[in-house]
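Build the full structure now, drawing on both the sequences and the hints.
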Amino acid sequence: MSAAELAAAYAARDVSPVEATRAALTAIEERDAELNAFVLVDEDAALRSAAESEARWAAGTARGPADGVPTSVKDLERTQGWPTLRGSRLVDESGPWREDSPSVARLREAGAVLIGKTTTPEFGWKGVTDSPRTGITLNPWDTALTPGGSSGGSAAAVAAGMGTWSIGTDGGGSIRVPAAFTGTVGLKPTGDLVSTYPQGSNGLLSHRGPITLSVLDAAILLDVIGRPDGRDWAAPPERDESFTLGIESGVAGLSIGYSPDLGYGRTDPEVAALVAAAVGVLADLGAHVTEVAPMFEDPIEAFQTLWCAGAARTLRPYSPEQLDLVDPGLRQCAEEGRATTAVEYLDAMAVCTDLGFRMGRFHQSFDLLVTPAVPTVAFEAGRNGPVPCGGTTPHTPRNGPGPQPTHVWASWTPYTYPFNMTRQPALSVPCGVTPSGLPVGLQIVGPRHRDGRVLRAGRAYEKHTGWSPVAEASRTRADGPRADERGQQT
1 MSAAELAAAY AARDVSPVEA TRAALTAIEE RDAELNAFVL VDEDAALRSA AESEARWAAG
61 TARGPADGVP TSVKDLERTQ GWPTLRGSRL VDESGPWRED SPSVARLREA GAVLIGKTTT
121 PEFGWKGVTD SPRTGITLNP WDTALTPGGS SGGSAAAVAA GMGTWSIGTD GGGSIRVPAA
181 FTGTVGLKPT GDLVSTYPQG SNGLLSHRGP ITLSVLDAAI LLDVIGRPDG RDWAAPPERD
241 ESFTLGIESG VAGLSIGYSP DLGYGRTDPE VAALVAAAVG VLADLGAHVT EVAPMFEDPI
301 EAFQTLWCAG AARTLRPYSP EQLDLVDPGL RQCAEEGRAT TAVEYLDAMA VCTDLGFRMG
361 RFHQSFDLLV TPAVPTVAFE AGRNGPVPCG GTTPHTPRNG PGPQPTHVWA SWTPYTYPFN
421 MTRQPALSVP CGVTPSGLPV GLQIVGPRHR DGRVLRAGRA YEKHTGWSPV AEASRTRADG
481 PRADERGQQT
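Sequential numbering of the sequence shown, starting at 1, is according to the UniProt record's numbering.
Simulated restraints, written as ranges between beta carbons of each label pair:
no.	residue 1	residue 2	range
1	Val343	Ala51	51 to 59 Å
2	Glu34	Asp347	42 to 50 Å
3	Ala252	Ala8	21 to 29 Å
4	Trp233	Lys463	37 to 45 Å
5	Pro328	Ala283	40 to 48 Å
6	Gly280	Asp354	26 to 34 Å
7	Ala144	Pro317	33 to 41 Å
8	Phe357	Gly253	22 to 30 Å
9	Asp354	Glu43	47 to 55 Å
10	Pro237	Glu19	37 to 45 Å
11	Leu245	Ala8	14 to 22 Å
12	Gln364	Ala51	50 to 58 Å
13	Ala27	Trp97	24 to 32 Å
Derived from the structure by calculation, the hints contain no laboratory data.
Cβ atoms here follow ideal geometry from the backbone N, Cα and C, with glycine treated the same way.
Structure follows, in structure tokens:
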């Protein structure tokens with residue numbers, strides 16, 4: 001059940017938070033040994049929290065629709081009493097672990113049931129989820145494949161029913177990529193909307209956001225974690241309105257620009273067909289859809305400069321002997337970052353400024369931009385990209401430098417990282433499965449601080465098609481994969 005369905009069932013006394021939490025824990029017991037999505041599960045604490053929530057619902061004092069919802073948290077976010085190991089053998093497990101990050105603090109205040117922490121690549125550095133500390137996380141749709149990353153543990157957990165929703169982080173696509181690969185919903189909110197503490201090494205690139213079973217759930221969860229925290233100096237003021245307000249208003253009359261490849265990407269034909277069908281659904285629902293010309297050149301060089309500088313800062317406290325324990329790709333990225341000059345870093349920031357200007361001009365004409373979320377489906381687990389390490393990715397930019405080194409993971413996610421650089425809200429919503437039975441994501445991008453508009457469009461598509469990862473996974477297990485354009489389902 002989605003969080004919205006759970007809240008309604010709790011209020012009607014049809015289901016209890018304890019029952020929902022036990023169901024999540026049972027799913028973890030049955031599936032996580034295979035999927036490796038969790039680094040920590042605290043059954044006792046979860047059941048105590050669920051019992052407290054059940055008492056509040058019975059007394060009519062529930063704290064809102066998140067009260068009693070089984071929730072996981074990516075292991076980059078601080079959690080009081082639980083280690084935050086960040087996928088690294090460099091982190092001392094002994095702690096102390098004395099505080100929650102802002103998003104975790106907001107979840108506790110809302111009565112959510114925290115069941116555990118999910119896997120991440122080391123320090124969240126790449127677009128798949130494996131690390132020297134926790135090993136390889138696998139995709140519930142096909143356990144030979146990756147769920148993507150870096151929030152792959154969170155996405156795998158939600159897709160497999162191991163908790164209702166999860167908190168992920170996104171520095172270049174790390175919420176949207178695994179959402180697309182697992183048939184879940186992933187939202188990277190407007191930068192600064194969800195408070196951050198402590199500030200990570202990737203600075204303005206990194207955002208926190210929901211991974212959920214539905215767009216409606218993403219709006220509900222954003223209401224919870226989108227409240228300000230005094231530890232974040234850039235936090236916006238408290239919002240007066242819920243992100244669910246107007247979410248059912250549809251897309252009729254909205255002006256949507258559609259870019260199948262942003263002018264520089266290469267999309268697998270099966271992915272492109274499903275995304276085009278989904279765009280057709282938005283047009284059928286009354287949106288004014290126009291295929292748009294390229295708006296900017298691929299900013300991967302500037303992104304890589306910023307990303308590797310962040311990796312260098314992350315690893316700076318450690319000795320050469322300690323760095324022998326680190327993921328080789330991360331270490332290579334950090335070495336590149338250490339060689340970056342201040343002028344090169346500022347040049348990369350200037351690219352972000354220019355991108356923001358260009359997208360601001362774009363949104364003077366278009367309410368939203370839609371693209372594929374990722375140009376490929378999930379690929380073999382244990383790789384950093386959709387081809388063997390050291391090979392040429394089929395999604396190398398058309399005018400790019402040729403084969404990419406293994407640490408340039410962003411070379412196969414060309415549609416996500418630009419919007420970390422502009423700090424715009426971007427949503428991946430599932431738009432169907434390929435003939436091989438793997439999910440595909442549609443990315444919906446809006447102007448800064450128009451997260452509600454992005455959610456509204458995703459909800460319109462979701463509600464019209466009736467597509468859900470749970471229903472589709474059940475059908476696929478029963479019937480086997482079939483080639484149909486789920487974006488056209490009514």
